[in-house]
Amino acid sequence: MDKPSPYFSNLKCRECGKLYPKEAIHVCDFDFGPLEAAYDYEAIGKVLTRQLIESRAHTMWRYRELLPIDGEPTVGTQVGFTPLVKADRLAKALGVRELYVKNDTVNYPTLSFKDRVVSVALSRARELGFKTVACASTGNLANSVAANAASAGLKSYVLIPADLEQGKVLGSLVYGTNVIGIHGAYDQVNRLCSEIAGKYGWGFVNVNLRPYYAEGSKSMGFEICEQLGWHIPRHTVIPMASGSLLTKIHKAYGEFTKLGLVDAAPFSVYGAQATGCGPIAQAMKRGTDIVKPVPKPETIVKSLAIGTPADGYYAIHAMRDTGGFAEDVTDEEVIEGIKLLAECEGIFAETAGGVTTACTRKLIETGKLPRDESIVICITGHGLKTQEAIVGKCGAPRVIKPSLREFEEQVYNPDAAAATA
Amino acid sequence: MPSVLIPTPLRKLTAELETVSAAGATIGEILDNLDAAYPGLKERLCDEAGNVRRFVNIYVNGEDIRFLEEKATPVKEADEISIVPAIAGG
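Protein chains in written order, with this note's numbering: chain B, 1 to 421; chain C, 1001 to 1090.
Check the hints yourself; a few may be wrong.
Here are the simulated lysine-lysine pairs, DSSO-like style, with alpha carbons at most 27 Å apart [unchecked claim]:
| id | chain 1 | residue 1 | chain 2 | residue 2 |
| --- | --- | --- | --- | --- |
| 1 | B | Lys86 | B | Lys292 |
| 2 | C | Lys1076 | B | Lys18 |
| 3 | B | Lys292 | C | Lys1042 |
| 4 | B | Lys199 | C | Lys1071 |
| 5 | C | Lys1076 | B | Lys393 |
| 6 | C | Lys1071 | B | Lys285 |
| 7 | B | Lys86 | B | Lys199 |
| 8 | B | Lys292 | C | Lys1012 |
Now the stretches of chain C that chain B is said to cover, found in silico as 3 or more residues with beta-carbon under 8 Å [unchecked claim]:
| id | region |
| --- | --- |
| 9 | 1054–1064 |
| 10 | 1071–1079 |
If you are wondering where the hints come from, they were derived from the structure by calculation, not from laboratory data. Bear in mind the structure is a predicted one, so any value in this text is a computation, not a measurement. Just so it is clear, CB atoms sit at the ideal spot from N, CA and C, and this is done for glycine as well.
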């Protein structure tokens, strides 16, 4: 058993503020509000400096005082510190001055931001003595739990909607995990998991370990600030499924400000969803914080298809409080977004990245995002995982015989190229 | 009388009963009558201002009262009311 962290003090109900011990619990037993990690910022402020952070390895664990485990991380120690790409060609295409892509398509080891949350959840699961870990997932989380559990020697079960993309199913199976496909949408998978969690003494990363898991997302916000030279970007566009990532990036900017690691400055957070499952964006547009569940999501963006988003309320308030907004886009716009990002920046994002790029374009065109201030867009997963979405939408190779004559006639020939274009 | 499904975490207050009956023409009246029969139940379901708590869902025949008339939602004799804590995840 590790010595308790001097920085991570308690779990705390987000609704009533009641404090709880740092166990595998996630809901307030009085009012059912979600529990969240609480820290002793005064103690953290005495030790955590830019210099200390910069002296550490380039992983998300360089901010370890602000992550909710007691000892040293033991799972996912190489995760994070993905590139922040200055996206000048995309900026030009969108007609804005300063744009960056936070590129979690190359996060280690499973090519999505979920490695951040899983490394915290499984490091904490080990501290709490779990031998079996599990999750309810729309795909990326399953991949990450399977891979990180394998490398940590933990047994794992991943529960997913049965109709996920093949790349995401295979990308879990390969690690030797137990993949359970459920006939139903994500919300039904999630409901089943909440019934299973606790019953068998398993650590469900996004159920009974959710207060730990969710905090891992803050590292994306910390990295953005550090990579911008210790500044908070003026605007950040973030994809939303449960809404958790958006609330945690918002929290990360607030914590860095509170600790004096960045200067206090105004910032706005914006949420991006698919129109076929956009309950948070639609509530935001209606001007309410009551999120109407989507019983049957219909979109190619399966990774964001959560009809009953657990953090919808808090995401709406984070956007409102910072002067941000939300947008949603059709499947066609998602595909255009994927192609635009790939053609401008050489970054192949999954469907959720298409959502973020396309929503950014829409927010710029409608004047919600100004053209002359810094914008960061969060791209959270790799396109190789959701290839089905764009099959037949990017053209096809031109096939020729291995003959120089055919090459010159059909390819290196301005007239032929014009004819086939 | 309408029947009310009580979730597991609140059954300590209803002597472990899974389903109870409560009189009332609206959800608000039913909550008051439930609290009279099972003291302490209402404060778990409603905040100080009397509004249903954010992470508590109340359904009348499967419809969330937030999209009906909230606490003024009318209830008929044969209606089924379920109280379900919100589920975290994702």
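Evaluated hints:
Distance restraint check for B:Lys86 and B:Lys292: the Cα-Cα separation of roughly 37 Å exceeds the 27 Å cut-off, and the hinted pair is therefore not satisfied. Between C:Lys1076 and B:Lys18 the alpha-carbon distance is near 37 Å, which puts this suggested pair outside the 27 Å criterion. A hinted pair counts as satisfied when its Cα atoms are at most 27 Å apart, and B:Lys292 with C:Lys1042 qualifies at roughly 24 Å. A hinted pair counts as satisfied when its Cα atoms are at most 27 Å apart, and B:Lys199 with C:Lys1071 does not qualify at roughly 34 Å.
Simply put, C:Lys1076 and B:Lys393 have alpha-carbon atoms about 53 Å apart, too far for the 27 Å limit, and the pair is violated. The hinted pair formed by C:Lys1071 and B:Lys285 meets the criterion: a straight-line CA distance of about 25 Å does not exceed 27 Å. Restraint check: the Cα-Cα separation between B:Lys86 and B:Lys199 comes to about 48 Å, which exceeds 27 Å; the hinted pair is violated. Using a Cα cut-off of 27 Å, the hinted pair B:Lys292 and C:Lys1012 is violated, with the two alpha carbons roughly 31 Å apart.
With 4 residues having a beta carbon nearer than 8 Å to a beta carbon of chain B, the region 1054–1064 of chain C meets the requirement of three or more and the stated coverage holds. Here the region 1071–1079 of chain C counts 0 residues with a CB under 8 Å from a CB of chain B, which misses the bar of 3, and the coverage is violated.
In summary, the structure is inconsistent with hints 1, 2, 4, 5, 7, 8 and 10 from the numbered list given earlier, while agreeing with the others.
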